[in-house]
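Participant: For the sequence shown, counting from 1, position 87 maps to 87 in my numbering; every step adds exactly one.
These are computed hints drawn from the structure, not numbers from a lab. Treat the hints with care, as some may be off.
Derived lysine-lysine pairs resembling DSSO-like cross-links, with alpha carbons at most 27 Å apart [claimed, not checked]:
{"id": "1", "residue 1": "Lys-64", "residue 2": "Lys-95"}
{"id": "2", "residue 1": "Lys-93", "residue 2": "Lys-4"}
{"id": "3", "residue 1": "Lys-93", "residue 2": "Lys-64"}
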Amino acid sequence: MSEKEIMRIINQANSNCLILSEEDTSNFIFPKDNKFWAVDPLCGTVPFSCGLDSWGLSVAYLAKSKSSSVGAIYCPNIGETISCDENSVYINKEKLLVNPEFPKLRDLTLCLEI
Numbered sequence: 001m002s003e004k005e006i007m008r009i010i011n012q013a014n015s016n017c018l019i020l021s022e023e024d025t026s027n028f029i030f031p032k033d034n035k036f037w038a039v040d041p042l043c044g045t046v047p048f049s050c051g052l053d054s055w056g057l058s059v060a061y062l063a064k065s066k067s068s069s070v071g072a073i074y075c076p077n078i079g080e081t082i083s084c085d086e087n088s089v090y091i092n093k094e095k096l097l098v099n100p101e102f103p104k105l106r107d108l109t110l111c112l113e114i
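All chains, full assembly: derive it from the sequences and hints.
Facilitator: Following this line, the structure appears as structure tokens:
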């Protein structure tokens with residue numbers, strides 16, 4: 001249900017742009033202009049099915065030009081929206097400040113849903 005509503009809203013605003021949805025990739029062909037919407041109407045299927053709060057809805061507009069790429073993840077159970085544009089990341093519209101002492105990539109941990 002959320003996928004249809006997300007697609008309806010995108011099509012109202014930008015009807016000539018292709019949409020890639022995790023739930024339906026059968027008819028998607030990458031456009032020559034490299035502009036498209038990417039949608040995951042249930043990001044975190046396993047946490048959702050287990051009754052955990054760590055799931056959300058993901059939507060992004062991707063374009064060849066980084067200056068026109070944006071995205072958002074809405075996590076309704078915890079009341080957070082994480083979004084980004086070409087310059088910044090926001091949590092509930094508050095700009096996230098990156099620590100200049102950010103660790104090196106080799107020092108980070110990556111978690112994946114299985």
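Participant: Each of the hints needs a verdict: does it hold here or not?
Facilitator: Checked hints:
1. Lys-64 to Lys-95: holds (24 Å)
2. Lys-93 to Lys-4: Holds, at about 25 Å.
3. Lys-93 to Lys-64: holds (25 Å)
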